[in-house]
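Chemist: Here is how the chains run, residue by residue.
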Amino acid sequence: MIDVTVRMSVNGRGVERTVSPRRSLADFLREDLGLTGTHVGCEHGVCGACTVLVDDQTARSCLIFAAQLHDARVVTVEGLTPPEGLSALQAAFRDCHALQCGFCTPGMLAAAHELLAENADPTRDEIRDAIAGNLCMCTGYVNIVRAIELAARRLGASAAAVGAQGGAAPAPPRRE
Amino acid sequence: MTRWVGAPLPRKEDARLLGGRGLYVDDVARPGLLHAAMLRSPHAHARIVAIDAAAAARRPGVHAVLTGADAAAVSRPIRPLIPTPVPLPDWCLAVDRVRYAGEAVAAVAAVDRATAEDALEQIRVEYEPLPAVVDPEAALRADSPLLYPELGTNVLWHDVFEYGDVAGAFARADGVLGERFGIQRYASTPLETFGAIAEHDAGLDTYTFWTNDQRPGLTLAILADSLGVPQSRLRLVTPDVGGAFGNKRRPAYLLVCALLARRAARPVKYLEDRLENLAALMHACNGVMDLELAYRADGTVLALRVRDVADEGKNLVSPTQHNLIKLGNIVNGYGIAAVSYEAYSVLTTKCPSGANRGIGKPFMCFAVERAMALLARRLGLDPAELRLRNYVGTGQMPYTTPPGAQYDSGDYAATLRRALDRFDYPAAREAQARARREGRLLGIGIATSVEPAGTNLAAYELVTGRRAASGSAEAAMVRVEPDGRVRASLGDPASGQGYETVVAQIVADELGVTPDDVHVERGFDSATTPWLYLSGNYSNKFSVTDVGAVLGAARAVRDKIRRIAAHRLEASAEDIELVDAVARVRGAPGRGVAMREIARTAYADVLGLPPGEPPGLEARHAYQNALAQPVGADRTVRSQLVFSNAAHCCLVEIDPRTGQVKIVRHVVVHDCGRELNPRLVEGMVHGSTVHGMGAALLEEFRYDADGQLLSATFMDYLKPTALDVPDIEVDRLEHPSPFTPLGAKGVGEGGAIPAPAAVANAVEDALAAYDVTVRSLPITPEQLWRWLVASKEAR
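Chains as they are written, first to last, in my numbering: chain Y, 1 to 176; chain C, 1001 to 1795.
Errors might be hidden in some of the hints.
If you want the ones that stay clear, here's a sample from chain Y, every Cβ over 10 Å from chain C, calculated [unchecked claim]:
hint: 1; residue: Asp-3
hint: 2; residue: Thr-5
hint: 3; residue: Met-8
hint: 4; residue: Ser-9
hint: 5; residue: Val-15
hint: 6; residue: Glu-16
hint: 7; residue: Leu-33
hint: 8; residue: Ala-59
hint: 9; residue: Leu-63
hint: 10; residue: Asp-71
hint: 11; residue: Asn-119
hint: 12; residue: Pro-122
hint: 13; residue: Thr-123
hint: 14; residue: Leu-150
hint: 15; residue: Ala-160
From chain Y, some residues computed to sit far from chain C (all C-beta separations above 10 Å) [stated by the list, open to error]:
hint: 16; residue: Asp-55
hint: 17; residue: His-70
hint: 18; residue: Ile-131
hint: 19; residue: Val-145
Below 16 Å or equal to it, Euclidean Cα-Cα: the simulated EDC-like pairs (lysine to aspartate or glutamate) are [what the hints assert, rightly or not]:
hint: 20; chain 1: C; residue 1: Lys-1662; chain 2: Y; residue 2: Asp-121
hint: 21; chain 1: C; residue 1: Lys-1662; chain 2: C; residue 2: Glu-1782
hint: 22; chain 1: C; residue 1: Lys-1012; chain 2: Y; residue 2: Glu-126
Calculated from the structure, these hints are not laboratory results. All values derive from a computational prediction rather than experimental measurement. Beta carbons are placed, not taken as given, at the ideal position from N, Cα and C, and that holds for glycine.
All chains, please: the whole structure from these sequences, using the hints.
Modeler: Below is the structure:
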């Protein structure tokens, strides 16, 4: 197998590496870029732990080859985390005790991020549906659902507050 | 004064874990790290005729290869917990014979995992297949294939225990209910698989391990023994652990890494892939239980007679624990006065059994609570009423059960009543009746259970006839640093329970600081953390022992601060209180010394110490819970120590077209004594309950007759997803234990123990018109369909 050179944006920074064609995106992120926040739980696309955002859509990084992602935009948990403190979604996870061992959490955050980008006010059933591809062995999902509800409420309230002050409400991130 | 203990604080751990800044074993970087892969047997049972690994060793990128024979030449067998009549050496890789599909026979260390896996394909193993033995009852038979011919049997342990007048109770009884129950193999399958890094320093001849092993104390003993290295030359570090639930142990893999690392002169990492995890790490024992229950016409249960066969697979490391723990809890929450218990621990050619959330108690509870449901049906009693007639009463606490367990506190009837109340039980029954008239299949299930915490290893004397390890204990350290800031560490590496937060709450209360002021070390490091052979993250023991260790260390430091402050302030140490990081004279808040200043005295200005007071401001404390006692002459023993309790009410609806069971509602009321952090307690109850739901409806390691595992991926071994489980409703009572340092009790297992029984009882209730008896799990759509078809044919 001939190594290939791949160039992509990871968490907003351009990266260029020469990799084996069989290098999975998960291994590329973890081993080549040192982004160990992305976790690998099953390596067959079922558990969702390795979920990241590729061009704003959730993707199983264990099932994609890095070589497929030339010119793609990849966002991992590190990219979803502000330089200081936590995002609104992360803070809601903390406030609702939506994580225990933390191993599924980066993938859950990616799934929840995608949901809230598409649907600012999801129902409980919609939340459960959105995270149904992410296994959590610790929480029984109850507090994860609550956290996503809380994050939606808080994000909606802050958007409404901005609107009430006469400013334009920030547009939610959209899929291209 | 507790300002912080009992507060529902958010966790200190969360910021790093939410930001992807945790450090799990797979994240640990070491210079020159090699990656190991293991070659595993495709046969359930075979003789290894020959292994040729030369081609693998020659491949580019491969640094070391190890076969079973190599391992046997340079290491000792893993010390068994239960001595067998003849020695059954069990090396870290299979030697001469494989005894389950997936048993490792060779390992390769290479520059990366893919290169290591490529090299495995170059290892040629010649096997001579032998007959598999999959069914534990078949394994008992004299003509069964034997895993260890030198043992002459597959039975590792067989015994009969009798407590109280069983024969008399059965003779006096108005009736006897007998039933055979079965439990499948399942596991909690933490999302992070098991793994380790081993590094050998050839200059010092020392070994360092980074691993998510949850019992470092016991594992260090095994490593030293097998490597032939003094424990003083071993170091074991546990970083963040991605869930454990009992499953995270396999000293053999640490040994393989160590032997490869020594051979390659480079650090070596091995991390299971999911297939290896599901096929070869550990499963809860499957088994069968014949249970007879002698009762009076009013529903009082007089005695139990049990014959239990636990299928250990190929487990020489920790067999019999399922049997012992079932025995210790067999009367559940009921005042049953007489018990006969026959236990078999049987080897089969399957994955080794091992600890799994609740060890044995989910099956105990399934069998006993199913029997109670059947008895209620037989007697025409409401299942809740039957239980209320049989509970150990509050006036009887502390209550000793026939096998010797001591139920320390709690009001089991009040727990159930609260659950019925929260469930709105009468209204639920009415709604069920209405639904039935519409032809819908709604069922209500009740199950209640005790949930023990803290294991007394002396109980193994019942099996071995001698005492090796015993009691229940843990160690901790609290240190005020020279700048006055606080550090704590614990011999029990957390795997998601939030110990960094709870330990900080406990220490903050003792030292008059805030939890933010207390840095609790992540995980475990045998070089710096105080620890015992008994140290580890197991048996729900935090409340029983760990809290005592932390309190003891914190109080020793507190007392020293008071002595130093009293000397400085010319006051009596008894009059010094610690408030807001100041040691001050009680009643005279103006007279005080800041903790920072005390620390400066203790570490730097040591002439300012009271006469005779040694410098420094640190304490290590090891605590053992006094409830643990040796085995009594009558073979009673407190195998576990304090007892929480829980009541579950479950509402299911069955779709007769698809056989799908939907859990509509699930109410849990639990009592784990004093809740040190109610937010964490509730989260634990949710997760634990969902483990039980998975066992009830989805999860099964299913083997074919040849011993091949048919459900070795998460596509076939189904875990509950967010769509499979409801919003679990939780309420609580708080009866503190008189026998734990802060009155807290265990909480990790109270969901996983009764949930399978509650769901099963609900399913059976939904199928009342079909005359179905639920005898085993999981209740899959296929199983449901078979019941419904059989019932139609019977009509």
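Chemist: Quick one: which hint numbers does this structure break? Sort them smallest to largest.
Modeler: Numbers 18, 19, 20, 22, in rising order.
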